[in-house]
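Q: Single-letter residue listing:
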Amino acid sequence: MTILDVSGLSVRFASQGRTVHAVEDVSFSLAAGETLGIVGESGSGKSVTALSVMRLVPTPPGRIVAGRVLFQGRDLLTLGDEDIRRIRGREIAMIFQDPMTSLNPVLTIGRQLTEVLEVHLGLHPRAARNEAVDLLKLVGIPEAASRLDEYPHRFSGGMRQRVMIAMAVACKPRLLIADEPTTALDVTIQAQILEILSNLQRELGMAMVLITHDLGVVAGLADRVAVMYGGQIVEEGPTAALFADPRMPYTIGLLGSIPRLDRPDDRRLTPIRGKPPEAAGRPVGCRFAPRCQHVAPVCRTEAPPFRPIGHDRHARCHFEVRLTDEGVHAQGSRVLSPKDA
Amino acid sequence: MDSGILLVVEGLEVHFPVRRGVVFERHVGTVKAVDGVSFVLRRGETLGLVGESGCGKTTVGRAILGLVSPTAGKVVFDGQIAGGAKPARLLRRRIQLIFQDPYASLNPRMSVGEAIAEPVRLHGLRSGETAVQQRVRELLDLVGLSAAHAGRFPHEFSGGQRQRIGIARALACEPELLVCDEPVSALDVSIQAQIVNLLQDLQEKLGLSYLFIAHGLNVIKHISHRVAVMYMGQIIETGDKAAIYKAPVHPYTRALLSAVPVPDPAVERGRRRIILQGDVPSPMNPPPGCRFSGRCPIASDRCDIEMPALIQRVPGAHDVACLRAGESAALMPLAALESG
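Residue numbers (the working numbering), protein chains in the order written: chain A, 508 to 848; chain B, 18 to 357.
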């Protein structure tokens, strides 16, 4: 069953007299209990996409100019403020990268947790407190009952992120949006948090949108992956297929840029040349054309369609680009055959 | 002394006093940021110093540069005592630093050409303005920028380009050792790879030695010849890259390696992950025994009271500080990662 269906989403920001197309024509859908990983580099539009789903894009300067966000059949973009507020935090919850700035420093952890429960579920303060203790236990915080009366500054980064997760899952949401939930954390703490997230997801049957720049995190957790570049989804498909056989030159380049623990390191990395496009003044044709190794004249003039490639997969490229050799370091082994020649 | 040895760090300790109160300031404790660190760096070699935040890796780098005074121990650079004392000034040209955030380390009001020319003039490395400008063009070319960039200012550049400028400025001093403190952590993945390749090319061309400080185990593996793993101010395991990554012994190293996500769903889902409990303890009152004992899945009672010394397992290739070094592989199995 489809729980979230985003189609044709476009978001613009007015910045210094110019219009910035932060997100353009983004479409994806998510089944109940499924995890979608959205990967991309800074400025690719992944966070704005997430904020749009929650209708949290600051307006102005931002504006959702087109698209539809169907959550359990209802279009969130046309909902009244009161209705969307009832969905936020209760049916769709969100956790952010920096748990320190998302927690209120002058309220105890307990107060912040019970508030969610009292507002959304109408629990009695005492019941809410008991529930809060259970929630802290659920995310693995030791001595939960006594820590409830402490303030956020007493918690380490990993512990704060656990508190954020506890708050997010307090109402047993149908969908959790996690925006770089472990980016600010050390790798051993990241492993703890990712384990908690995946356990909770299984227990509660939540769907999850996991936004990250780390392809490793996505490889471990996501059922499907969407790769974003320059405000667009440039490739999308089931995780295993996308990693084994990436089809968009950007995805191939990204995988070739990562130093690997699981590969011999005698070869040089194969970086993508150039730099990511500026949000304003992006190229006319394919956004990736200026950096693409396989660029052809058509790429600079015509924007490629987001078209199906094989079973259940899409890519935004004029050509059939494939890695034929084993391994992403393989150079010069890609077969190019113009599709529309 | 081995003529190939460029840098020797011996028993380095950097302690910071912790004070409370404004008027009646009192000493309430000591943070042992670096607590007995020793290592050797050879010419043309990269030593990767890896650890999580707060483990003291940056402070080790700063002590080598003489930016903090060691509480104890010594830093010997090319046979001369460095760090803290006066001679450090003479050595400073030969040891340069590359920062994580190249934007914060460049003067926003100085053109890139000026920023690079400054150390060339200051150290008298070229005489005459034509020679200096010629050198600036050479350096820009060396780091993959063009001579046309010399007249521009830092804000006109992207993060990756700024890091190139930072590297050019460091190279302007004609150093022998570069201390690279998280040089790629702030950059996007596709740009990281460009900078990593640049650093490797420069090492080949110029015979530089690198102390590469980072928290990313995959970047460290890619760029280093030897690796030292730090935990709470101490090196707990060190050795050749192959030893650390293929046969890690210390429980912390094993857990760290198991926790790094790998961008391959088939590998990632079949992996055995060692999830450590708890957080790194406060550096103000570290446990009396092994610093890692509180989080270690195989710690014994002895680990809580006895501090393990760094003991050689493979002469010259692998040292480990763990009382249970002989048992960790059996008790904490780790799937072999590297294929081929």
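Calculated from the structure, these hints are not laboratory results.
Built from N, CA and C at the ideal position, the CB exists for glycine as well.
Check before you lean on any hint, since a few could be wrong.
Dumping the calculated EDC-like pairs for lysine to aspartate or glutamate here, alpha-carbon to alpha-carbon at most 16 Å [what the hints assert, rightly or not]: (1) K258(B) to D772(A); (2) K49(B) to E622(A); (3) K679(A) to D721(A); (4) K258(B) to E131(B); (5) K258(B) to D532(A); (6) K258(B) to E622(A); (7) K263(B) to E710(A); (8) K222(B) to D257(B); (9) K263(B) to E622(A); (10) K679(A) to D769(A); (11) K782(A) to E173(B); (12) K644(A) to E710(A).
Rough simulated footprint, nothing fancy, chain B against chain A, three-plus residues with beta-carbon under 8 Å [claimed, not checked]: (13) 659 to 672; (14) 719 to 733; (15) 775 to 782.
Q: Hint by hint, note whether the structure agrees.
A: Hints versus structure:
no.	hint	verdict
1	K258(B) to D772(A)	holds, 10 Å
2	K49(B) to E622(A)	violated, 41 Å
3	K679(A) to D721(A)	violated, 27 Å
4	K258(B) to E131(B)	violated, 39 Å
5	K258(B) to D532(A)	violated, 46 Å
6	K258(B) to E622(A)	violated, 51 Å
7	K263(B) to E710(A)	violated, 36 Å
8	K222(B) to D257(B)	violated, 23 Å
9	K263(B) to E622(A)	violated, 49 Å
10	K679(A) to D769(A)	violated, 37 Å
11	K782(A) to E173(B)	holds, 13 Å
12	K644(A) to E710(A)	holds, 14 Å
13	659 to 672	holds (count 3)
14	719 to 733	holds (count 8)
15	775 to 782	holds (count 7)
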